[in-house]
Structures are given as C-alpha cells and as structure tokens.
Amino acid sequence: MSHELLAIYFLWKREMIRFLRSKSRIIGSLAMPFFFLAILGTGLSGAMKLPGMNGNYLEFITPGILGMVLLFGSMFLGISVIIDRQFGFLKETLIAPVKRTTLVIGKTLGNSTAAVIQGILMLLLSVFLGVTIQLQDILFTILLMFLISSAFVCLGIAIASKLEDMHGFQLIMNFLMMPMFFLSGALFPLTSAPQIIQTIAYFDPMLYAVEALRFSLLGYSSMPILISVSILIAFFIATTFLAAYFFNRIES
Amino acid sequence: MAYAIETDNLTKKFSDLTAVDNVSLKVNEGEIFGLLGPNGAGKTTLISMLVTLKKPTSGTAKVNGFDIHKNPDGVRKSIGIIFQDPSLDEELTAFENLELHAAMYGISKAEREKRIIEVIETVELKDRLNTVVKTFSGGMRRRLEIARALLHYPKVLFLDEPTIGLDPQTRKHVWDYIKKLKEEHGITILLTTHYMDEADSLCDRIAIIDQGKVIVLDSGKALKDSLGGDTLKIETNQAEKLQNALKGMKGVKDTKILEGRLQLRVEFGEKKILEVVEAAKKNNIEILSVGLHKPTIDDVFLHYTGKTIREETLSGKDQMRMRRKAWGHKR
Ligand SMILES: Nc1ncnc2c1ncn2[C@@H]1O[C@H](COP(=O)(O)OP(=O)(O)OP(=O)(O)O)[C@@H](O)[C@H]1O
Ligand SMILES: [Mg+2]
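Going down the list, the protein sequences come from chains A and B.
Position 212 of the first sequence, counted from 1, bears residue number 1251 in my numbering, the numbering being contiguous throughout.
Position 99 of the second sequence, counted from 1, bears residue number 102 in my numbering, the numbering being contiguous throughout.
For the record, the hints were derived by calculation from the structure and aren't laboratory data.
Please note: incorrect hints may appear among the correct ones.
[What the hints assert, rightly or not] Covered stretches of chain A (chain B as the covering partner; in silico rule of three or more C-beta atoms under 8 Å from a C-beta of chain B):
1) 1045-1053
2) 1128-1141
3) 1271-1280
[Said to hold, decoys possible] Below, in silico cross-link-like pairs of lysine-lysine (PhoX-like), each with a Cα-Cα straight-line distance of 25 Å or less:
4) K182/B with K259/B
5) K58/B with K1138/A
6) K1130/A with K80/B
7) K297/B with K1130/A
8) K1052/A with K129/B
9) K158/B with K1138/A
10) K182/B with K1201/A
11) K1201/A with K16/B
12) K1130/A with K137/B
13) K182/B with K158/B
We put the CB at the ideal spot given by N, CA and C, even for glycine.
All chains, full assembly: derive it from the sequences and hints.
This is the structure:
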C-alpha cells in the first residue's frame, strides 16, 4: 500500500475508534432526532396534511430528520479539527511526512463514516417508531448519505481551520446550521411557505440533501433526483476544495 | 564536518513582535545542544520553524542536510519531536497512538509491530500498551511521547521542555534515557529546559537566548569560566584588615565586603582557600568560616540576561495549560 494510502487508512481508523468509544456522544446525537420524530412526528401525524406530502407527517419528516442527523453530526465532527488543535494532536499530524490533503481526506472519510453510522442508527430508530420506509436502493441511499456527510465534514474542516477555539461553534450552529435545517423543507413542504423563503431556500444545500433523501427513502420528492444529486455533487466538490485550501494554510 | 542543524539568519515575526531574531546556529552531529532562555525568549518558535511547523519570516535552515524550504519532507523524515504541550490523542490507547504515527511515517506492518514493542519497552510502558492515554499520569504521557518520537528512527530529536511538570524521579529517568540515545544511537538532540543544573550536566553546548537573539553559545564549563572564577565568602571580625592584606595577592581578581563578609573573586577556589587562611594567620586575623561558591549556569544566565530563568510558581501560560487539561477531562 502506498504511504499516503496507509496514512489515510489509519487516520480513518482513528476517527472510527474515537467515534465508537464515545458512547455518550452517539446517544446524545440521537436524542434530538428521536424527540423530533417521537413528539413532533407522532404528535402532528394526524393533524398535518399539506400539499406536497404523501403519506403521514411522521413519514414525511423522517428523511428531513435523517438530513438533520447528517448535517449536525458531520459539521460537528469536521469542526473537531479545533479539538485536535487544542489537545495538541493536530501538530503531531501536521509535521508527519504526508501531504496536508492526505490529512483532510483521512479526517473526512473517518468522520463521514461516523456520521453515516449515526444516520443508519436513526433510521432504525424511525422504523421502531413505526415509520414505513420504502427504500429505493440500499447502496444508493448509503452513497447518498456519504456524499452529504462528506460535504458537510469538509465544510466543518474549512470553518475550523479559521476558528481559534470551540467558542465560535455556537455562532456556526445558530447562524449557519439551524437556518440550513429549517430552510431545507425537512419539517414542512416548502411549497406552503412564502415565496421569499422558497427563493432563499434554493441557496440552501440542505434543501437538495433532504429532497434526495426523501426520494431514496420514500420514493417521491418535489425535485427530480438527478437535479438534487447533481447539485449535491457540485456542493461536495466545492467544500472539498474549501477544506483543502483552508487546511493547507493552517499555521499552528 | 557535517552539521545536524544549521540556521542562517532565521527570523520569525508576529506582526510587530520579533520572536526569533536573525539566529545563526550550527549544531554538530551527535551533539546534545541546549537552548536556555526565559519565558517568551523564542525557543519554541525557533524549534517550530526547524520542524517545518511554522514558516520563517526570513532566513533559512538545514536539518540533517535538508533545506526547510526546499525539502520539508526530507526534514520531516529525519526528525522526531516532543512538543512543549501535550500532543497525544487521549482517547486512543498507547498502541493506537504509536500505530498511527508509524503509518504516517510509512513504516510497513511487520516493521511497525516490532518497533512499537521496541520503543514501548525502552520507556517502560509495555504493561500499559493497550490502555487509553486518558488514564495516564503526566510522566507516563511524556514517556509515551518520547517513544513515539523515536518510532521512525529520527536522526535529530527536538525536545521542547521534555521534563516540564514531572516529578524529580521521572525527570531523572527521562534525562538518563536521553543520554543513552546519544551514546548508543548517536542521535543529535536539541532541547530546551529550564532546569539549569540538568542542562549543564547533559548538554555538550548551551546557547542562551533572550528576546529572540542568541546571547552566548558555548560549553557549560566555558560559560561558567567566562564569569571569571569562583567566589570565596569569608566570615571574620576584621574584614577590612583582611581585605587589605589580600588585595595584592596573585589570582585574586576582586574583593568586596558584603554584609560584614569579605567576598573574593578568585580562580581555583579550592587552592586559594589555603593561601587565604595562611595569609590571615600571618596577619593575626581570625577566620570564622570560609565558603566556596562555584558559578552555576544560573549565575551565567543571570549574568547574561539579567533575569533568573523562571520562578518555580507557574507562569500564566502554564496555568492556562492546566486549565485546558481540566476542561478536557470534563468533556
Ligand atoms: N502564534 C503566535 N502569535 C503571536 N505571537 C506569538 C505566537 N507564538 C509565539 N508568540 C510570541 O513569540 C514570543 C516567543 O514565544 P515562544 O513560545 O517561542 O517562547 P519560548 O521561549 O518557547 O517561551 P516558554 O519558555 O514560555 O516556552 C512570545 O512573546 C510569544 O508571545
Ligand atoms: Mg516554549
């Protein structure tokens, strides 16, 4: 195995070990989606019926909540570059005789795998809550989850490369992640929202993530799958470059 | 002779602060070279540039013959470093930390396991190999960092305060180990420390740096000699009379009376004591006691920088480090 590939594999492994050892973090990351589904989903299941919704409300929001798990999980893991910096481990990797890009790839693969596992756990949870998932294609769904996670991990890495400490995370959470989530059509069909919100939502990458997930889990979406997936791929390429660019410029 | 480290007007500026100021040093192969300096002198910044972690503002350097600008990968493969601050992944075991390091240095699987056992045995942590680092004491972490730095057989080892925060016993352990590295493997070692006595007994040469500049550079002995000999402190009831009697004596450089005691600056203090006692007898002066003070690196440091190196109380930076650790455990 080439030297850089070997490094990528072990960087991936490191993230997996850290993820699997932090049981409380895994449970914590599933708590919020659980409450969304269990309380919002089941509570409004009978009452909510909006244009653009097939099936019941609980079913409708399941892909959106999956999107939320991927978005929050990935961004948080990407931003964990800051924690690596605070614990000094970042320096150890920065002086290793491997390319910075290798470090970014290892980190992204490891963390998106972790986020996808969280996503799968959340889907199992939703089945347990009574959601009937009409899975179109398992492989496609998993690849899609990877695509979405990788893009957001990269976005997290890019942001973390510019932040000094975790204090900035609150800002990112409130001014970036929350709006992205609420504008994505995860909780209600955007067709029932005012025009201005619909227009802004077109700039929200989460919109395409939720659309594509809804198609792959429920078999319908308001946007052709080809379009949502193409835009997600473009978004992924853009964030990858951003992550590589900013991470390359870290001076620790 | 080839140099292990060679810097040429190396400079690093942080906006208007010059942390490292035109430093030109040559460190011989197989040498233990000490950097001494007060807090903020620029030691860590200098090392950061040599290990390719920070880019110099100007100037250049070669490490193990590789230029830090032109061949950073060559430099990286040649060096090992113990950072001043902790740099382990606390959530991994010792083995996992070492395994990741080995992989990043391109060490093959068979070789990897052999070397991990080898280095973990040298730092005597074999029984903790599969324990999560979070549970390690400060000394154990430091030893693990040393093991990790040696895993890829570096030619040059950088140790930035390797014994900070360790108890005296562990500290001694680390120093013995460093000596062994030099003697058995011929590794070149550049270290910073604020334990002066240890710097003195361990280093072949010492550079004192202050405000980013090298002030003096020599062997510990030469530095101490440069202060001009030993000090004799003589307790007597007739200090002035004795002072007059000794003023012209050969080898006595300086005399003064401090707190009723006569202080002489002399060469070869041990021998001089006898002559002084002799002279006092001749003049019928009674001597109550004689104290001999040999110059230490502390004195050298004080002489050249006008400061003592560091109070034993924690500096602000160290306290911050402690707090950060505390936060880490709560996480
Ligand atoms: N990233 C940075 N940005 C701005 N100033 C910095 C930075 N890193 C170091 N400095 C400053 O450069 C100077 C030298 O710092 P350095 O850490 O090299 O000192 P040191 O000799 O290692 O001190 P210590 O004994 O406390 O470890 C200090 O004044 C420090 O505040
Ligand atoms: Mg320092």
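Hint-by-hint comparison with the structure:
1. 1045-1053: Contact hint for the region 1045-1053 of chain A vs chain B: holds, 7 residues under 8 Å.
2. 1128-1141: holds (count 9)
3. 1271-1280: Three-residue rule not met by the region 1271-1280 of chain A, so violated; n is 0.
4. K182/B with K259/B: violated, 41 Å
5. K58/B with K1138/A: holds, 16 Å
6. K1130/A with K80/B: Holds: K1130/A and K80/B sit about 15 Å apart, inside 25 Å.
7. K297/B with K1130/A: Between K297/B and K1130/A the Cα gap is close to 42 Å, so the pair fails against 25 Å, i.e. violated.
8. K1052/A with K129/B: holds, 22 Å
9. K158/B with K1138/A: The given pair, whose Cα atoms are some 21 Å apart, holds under the 25 Å limit.
10. K182/B with K1201/A: Violated, at about 41 Å.
11. K1201/A with K16/B: This hinted pair holds, its Cα atoms lying about 20 Å apart.
12. K1130/A with K137/B: holds, 18 Å
13. K182/B with K158/B: Cα-Cα ~15 Å, so holds.
Comparing the model with each earlier hint shows violations of hints 3, 4, 7, 10; every other hint is respected.
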